[in-house]
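Participant: Kindly produce the complete structure, drawing on both the sequences and the hints.
Count along the sequence shown from 1, then add 362; that gives the number in the numbering used here.
I should point out that these hints are in silico values taken from the structure, not numbers from a laboratory.
The reader is advised that the hints may include incorrect statements.
Unchecked claim - Listed next, the in silico DSS-like pairs over lysine-lysine satisfying Cα-Cα at most 25 Å (straight line): (1) K550 - K483; (2) K879 - K902; (3) K904 - K889; (4) K709 - K754; (5) K855 - K904; (6) K754 - K708; (7) K931 - K889; (8) K472 - K932; (9) K902 - K855; (10) K788 - K753; (11) K665 - K638; (12) K565 - K550; (13) K708 - K788; (14) K609 - K638; (15) K565 - K483; (16) K665 - K709; (17) K788 - K754.
As the list claims (entries may be wrong) - Pairwise CB distance ranges (calculated): (18) Q649 - R492: 25 to 35 Å; (19) P911 - Y749: 20 to 30 Å; (20) T444 - F379: 16 to 26 Å.
Predicted model, so just to flag it, every value in this text is computed and none were measured.
Using N, Cα and C, we set each Cβ at its ideal position, and we do this for glycine too.
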Amino acid sequence: MSVELLSDLQQEVRRLFIAGSAMAQGDMRLTKLLPQLKKLGEAAPVFNRLAESSEGLLGATREESPAKLLELAALLSAVLHTQGKTETPGEASPIETLGISLNTDVTYRKLQPVIEALTTKGPGRLELLRQSVEYNSYLDLRLLPAVCRGLDDSFHEISDYVQMNLIPGFGHHAIPVLKSQLNLQGGKADARRLQILHGLLGKEMIALLMEAATSGSVDLKVPAISLLGGYPEYEPFLLERSREKRKEVRLSAYHALASIGSDQATARLYEALCAKDNEIVVEPIQQCVSYNLYCKIIELAEKEFDRYESTSGSEQVQAMQQLHIALRCLEGPRKQFANAALPLLKKLLLSPAFIVIETEAVQETATELLLGLEDIDSNQFAMELHYEHKKKLIGCSFRAAYRLLDRSELFVRYSGEFAGLSASAKEMQRAIRVLVAEQLQQDENASDAIMAEGLWDSRWVQLFAEQEWTDLVCVFTHELEPSITNYLVTRLKEDTYLNSPLTRQILHTLYRIGYPKTPQLIMNLLKSGESLAYFYLDWKSKRLITMMPKESMPALREIAEQLASQSTKKQLNEIIDTLESAPDEILNGSEPARWEWIQNRIS
363 MSVELLSDLQ QEVRRLFIAG SAMAQGDMRL TKLLPQLKKL GEAAPVFNRL
413 AESSEGLLGA TREESPAKLL ELAALLSAVL HTQGKTETPG EASPIETLGI
463 SLNTDVTYRK LQPVIEALTT KGPGRLELLR QSVEYNSYLD LRLLPAVCRG
513 LDDSFHEISD YVQMNLIPGF GHHAIPVLKS QLNLQGGKAD ARRLQILHGL
563 LGKEMIALLM EAATSGSVDL KVPAISLLGG YPEYEPFLLE RSREKRKEVR
613 LSAYHALASI GSDQATARLY EALCAKDNEI VVEPIQQCVS YNLYCKIIEL
663 AEKEFDRYES TSGSEQVQAM QQLHIALRCL EGPRKQFANA ALPLLKKLLL
713 SPAFIVIETE AVQETATELL LGLEDIDSNQ FAMELHYEHK KKLIGCSFRA
763 AYRLLDRSEL FVRYSGEFAG LSASAKEMQR AIRVLVAEQL QQDENASDAI
813 MAEGLWDSRW VQLFAEQEWT DLVCVFTHEL EPSITNYLVT RLKEDTYLNS
863 PLTRQILHTL YRIGYPKTPQ LIMNLLKSGE SLAYFYLDWK SKRLITMMPK
913 ESMPALREIA EQLASQSTKK QLNEIIDTLE SAPDEILNGS EPARWEWIQN
963 RIS
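Facilitator: Next comes the structure, spelled out in structure tokens:
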């Protein structure tokens, strides 16, 4: 009762501080509390003092009221402090710690956005995490629990990034937190924790792996069984698990057995290939480095092809399906076995019965397998397929010839097959695109894709222009050649949208080869109504604009004022300001160096 009365009195004192002490004279609310204060004063003298102080405030003049209000407030505050308790109930015990010694040097201002990205939902979070790794601002003790909890994120790209990039930075410091969060009956996030812990602890995790593999949830069983493939002594357990009812558990056991590669393990894989698991066992077999298993699969493929040639109807279809599965099993990183597979592939690809429309998918698997052998004999045979079966395999022939012939001879031999709409021409065109895609391996942060000089005869670019393969024209163009430059400029006029990927690729190419009118082309595109209405700035658009010379900035600023989006206008003005303040050595230096300098200065 006394504490409640004191709280009521404190509330009235606060009200008078806000309203002004002059309002205290004769205040009705304060007057109502006086009788209760005086009654409590009979038992505790301090309440008499509070009652006297309250009476003094109620009867004070305007000049005296400020001092009287402060006097009452000070006395009331002192009394209230004596009524509280600060001790924690119960017996004292030591605080449990994880024994992690990590720095806490990073300011919370830098940590807060990363914590928010890991603990909330919404767009832009992955980019924040990438920036934290780039600037090394995440290796802080206060972030570790949130980082490990990031494995639970429903957005798989976030959880993937946390697993592959953030947690490895903490190393063994993350082990106690991961163990405390691990639930063997959990889901995919706990499967990630199990995999990370095994990567950090190795053999020390065997007992936990066995527990997860036997009594854990399915999401935990699968990675646990797969990880046991690194320990041959657990082969009997894995053989048993390969006969489980659940398909995903059997598949995990097949992967583990493929890693072991013993006679018993490969025999079980071959048994599965010839039974109902023939589809799911393909990938494990591809990873198994066993010559005996490889040869047995070749024998199986030959047997199925013979059955295909000697039967008809549904049995013939089944034979081709099994042949296809066997050929897929022969794929993978086992080039040391190339000589064993070549006779089978020759038999298939030279047989008219095999080169029919019904087996096109199997033909593609066979040709990819042939090219994957990558030895002289297989490449020579593939090149000889040029004129076989009415040039149906010319694509395979071309890709092999690229490895064997010099660049000029390759162009002379195959350039005439490129143009047109015939089946062989389309096969050639597809082969070129496959080969180019393999060679580019473009960095995701590169401004545009460029084919290294010397890999192709320079005459190919003219052929690509004639076929209007603009993307490959850009990739293969290395210098300011009039006919190609005119083609690119003409092609650019057909598309007035700056955010079009092809438009940006053309502009990057023109910049790269030194076409002097490129800045004006960009200005013309920006001024078009469509660009102004829909223009947005991703990093590729920003990089394109940063290539423009400083003298273009005033005109660019005028365009920025016409943009409909305020955020885009702000970003564009920020780029303009940065370019105008950039030193000459940056503006006159290499484009990648210029972009890196500007990128570090814009938000």
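Participant: If you check each hint against the structure, which ones fail?
Facilitator: 15 and 19
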